Amino acid sequence: MLHIEFVTDLGAHVTVDVESADKLLDVQRQYGRLGWTSGTVPGGGYQFPLDNEGDFDWTLIGARKWTNPEGEDMVIHRGLAYRRRELEAVDSRKMKLPAAVKYSRGARGTDPEHIREKADGEFEYVTLAIFRGGKRQDRYATPGGRPAPQSGPRPSAPRPQPVAAQPAPIARPVPVAVPEDETPF
Amino acid sequence: MLHIEFVTDLGAHVTVDVESADKLLDVQRQYGRLGWTSGTVPGGGYQFPLDNEGDFDWTLIGARKWTNPEGEDMVIHRGLAYRRRELEAVDSRKMKLPAAVKYSRGARGTDPEHIREKADGEFEYVTLAIFRGGKRQDRYATPGGRPAPQSGPRPSAPRPQPVAAQPAPIARPVPVAVPEDETPF
Amino acid sequence: MLHIEFVTDLGAHVTVDVESADKLLDVQRQYGRLGWTSGTVPGGGYQFPLDNEGDFDWTLIGARKWTNPEGEDMVIHRGLAYRRRELEAVDSRKMKLPAAVKYSRGARGTDPEHIREKADGEFEYVTLAIFRGGKRQDRYATPGGRPAPQSGPRPSAPRPQPVAAQPAPIARPVPVAVPEDETPF
Amino acid sequence: MLHIEFVTDLGAHVTVDVESADKLLDVQRQYGRLGWTSGTVPGGGYQFPLDNEGDFDWTLIGARKWTNPEGEDMVIHRGLAYRRRELEAVDSRKMKLPAAVKYSRGARGTDPEHIREKADGEFEYVTLAIFRGGKRQDRYATPGGRPAPQSGPRPSAPRPQPVAAQPAPIARPVPVAVPEDETPF
Amino acid sequence: MLHIEFVTDLGAHVTVDVESADKLLDVQRQYGRLGWTSGTVPGGGYQFPLDNEGDFDWTLIGARKWTNPEGEDMVIHRGLAYRRRELEAVDSRKMKLPAAVKYSRGARGTDPEHIREKADGEFEYVTLAIFRGGKRQDRYATPGGRPAPQSGPRPSAPRPQPVAAQPAPIARPVPVAVPEDETPF
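Protein chains in written order, with the UniProt record's numbering: chain A, 1 to 185; chain B, 1 to 185; chain C, 1 to 185; chain D, 1 to 185; chain E, 1 to 185.
Calculated from the structure, these hints are not laboratory results.
Computed from a prediction, not measured in an experiment: that's the story for all the values here.
Quick reminder that beta carbons are idealized off the backbone N, C-alpha and C, glycines included.
Be aware that one or more of the hints could be misleading.
[Said to hold, decoys possible] Derived list of chain A stretches under chain B, where covered just means 3 residues or more per stretch with a C-beta under 8 Å from a C-beta of chain B:
#1 53 to 63
#2 99 to 111
[Stated by the list, open to error] Label-pair distances were calculated between CB atoms; the ranges are:
#3 A:Arg136 - B:Glu88: 45 to 51 Å
#4 A:Arg93 - D:Gly71: 52 to 58 Å
#5 D:Lys118 - E:Asp22: 21 to 27 Å
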């Protein structure tokens, strides 16, 4: 018998019994759809293989895809919106970094110090997940081989203009301040 | 079987077994009426849809409504009183924010740094909950469709004068220092 | 079934099963007599109604009354002694505070920042509990309607000279440094 | 039924079921012998009665006695060595402190701020346990009435030269830096 | 019955029931192979005997060996790569330290302060494990008496050039910045 600890959408701490280890991801998907999360986001964000990005099942971490009014790809996690950004590969004398996709948001005043990352100038941001390198894990995929319907699959869509990757990747400053809670709840 | 962790009104850490997921909110209401809470208030406060504000069931988070001697709407949570404030929508070139209702209190010396929010000048405050945007969740409502009796429903009461919303919403400074524990216990 | 988490007198983390919610306070009393505590002291101390002060059952929070060699009323909690102080009501233009009884001690070097309260000058103190206002809760009383024998009831005893209450109540500086562990273990 | 949480010698978090409260210390001894600990060392160290020092059962807190190559009395706890020091009683106008025995080590760079205690100058140290005053608790004794064999009993051995006790007791600076992990594992 | 708490590869908090204490290491190996970890890395890193280094079973702490593209010995733990370094024994007037093998990485901006260790200049690093002194514990060995296949045994391989040990061992600065997540996932 296993037991998984969640924080519910109401912030309550709830443990759910799980019959066996192979049922665990199912339970995470089931409660993740309600916005329940287990554990805290690792410092620097979750790390997943780049090849999982296309059909990643965000319910596994209690998140879901969302397209904001400007048509941008976002992910909602615990009520906060993270923007999708593509980072080009870096291959310089000083640094080698494969291409990546990163989901991040600007830091809020109440974010603890250790999850903030510095970008240019005074700007600080917080990363939910980074998809880079690695080998695809099929078990992280949305069941049915397709992303969740709310954003729709776009296997052949042209990739949006990538931002040049940097040693400390920069969260693109937005021309209009987007409050972090301007979300479809 | 599920298990929900509470902090009791005496500060004890107690876990309660819950038969199934659909009984969870009932258990939260049952123990929330005693002032028991589960989990910690998220940084920046709980986020709920604005349309839940009128009949929100505060027992879900171990809180209750209270009208202070000056007739102001307050909420008591873990022995501390939070004042209800209405924030107007903002629609400027720099910022778009829908109208909101916020429950907050002045910061205390013993509040940890990461829950304090800065307002004008030296003033710092702590938010319990903010109701803004979103889509009403019926399951958050007080059973019976009516707020708890202690404050009474006032569906048609004129809304109090709203405070102009700001990028960092300001907790209204009070002319007379109101101690945080001036509460009906 | 409920489960309550304790820190034992040896600092071990132990959970005890409790048959039903109405047995919970009994279990807290039973283990509290051994110095076991559940949860942490809230920032600023436990808040109880003033009318519970006379016969408060300190075992509920793993504490016990103690009279120090100077004949002063103290409470021992996790090996540290807290001094009883009476605070007069304040009724000024700036502040209204009902009378209170507070149990506090001077801060130690190893106390975390967020539990320290500032008094005059450099002095910092830590509050275990404050009894102020509110409505008496009979369930917090020592069973038998009498305080524990070690300090004895004193319903009609003249109250010790109260310290003038202040916005930030001052822990009375002691002329001779009293080490925090000068206790009957 | 009780449940005790341990951190194993490998740092894993493991809970062990205990049949009844009177079996608890036995379980702590059994797993403490493996170096498992429960809970964290209290700020300022564990407090025990002085009369328990001679035959204290260190397995109760997952520690064990050790004599270092210089013949000094040490205690190993979670891989770190603490040196035994005797502190004379203080009886001055400013301070009254009974004699004590203290087990402490120099602070390491990775020790969190709140467990460090200041001594003279820049020196900081961390206390595992202090034995002072109080009334002997037989249940803390090594079963058999004798200390564990590794250091051997020495009921009549002359006490080592005591260090003069001070308001903030000073960890004796060692002439040669003794790395904290110079231990028999 | 025992219960061990893990953080899964997805960051979820999951407890697994274990029949008896002697099955515990098996369960740690089983889930450690999936990258699950229990507990946090101790400040300053895990301490193991030097004689366990050759065939240490890294699955016990949810880690695994990895050889980076430059052919260097690394260990992957929670998605981060730690470099193997050999530290010579020190035997000076000021310090005596036996030879050791250390696995460490450069500090990241999101590492909490208390796990960072200072080296020369501004450089900070984080230690996963240090193998030094002590007595071999067979139960820490890879079952079968051989290291896991991914790096292969090398019982007679010449030891790489050791770095001179120092009071605060220095993490070798790398000429080319190696991002911490440049790993085979």
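Structure-based check of each hint:
1. Taking a C-beta to C-beta cut-off of 8 Å, the stretch 53 to 63 of chain A contributes 0 residues in contact with chain B, too few for the three needed, and the coverage statement is violated.
2. Counting residues of the stretch 99 to 111 of chain A whose beta-carbon sits less than 8 Å from any beta-carbon of chain B gives 4, enough to reach three: the coverage restraint holds.
3. The hint said 45 to 51 Å for the Cβ distance between A:Arg136 and B:Glu88, and at roughly 48 Å that hint holds.
4. For A:Arg93 and D:Gly71, the Cβ-Cβ distance of about 56 Å falls inside the hinted range of 52 to 58 Å, so the restraint holds.
5. About 45 Å separates the C-beta atoms of D:Lys118 and E:Asp22, a value inconsistent with the hinted range of 21 to 27 Å.
In summary, the numbered hints that this structure violates are 1 and 5.
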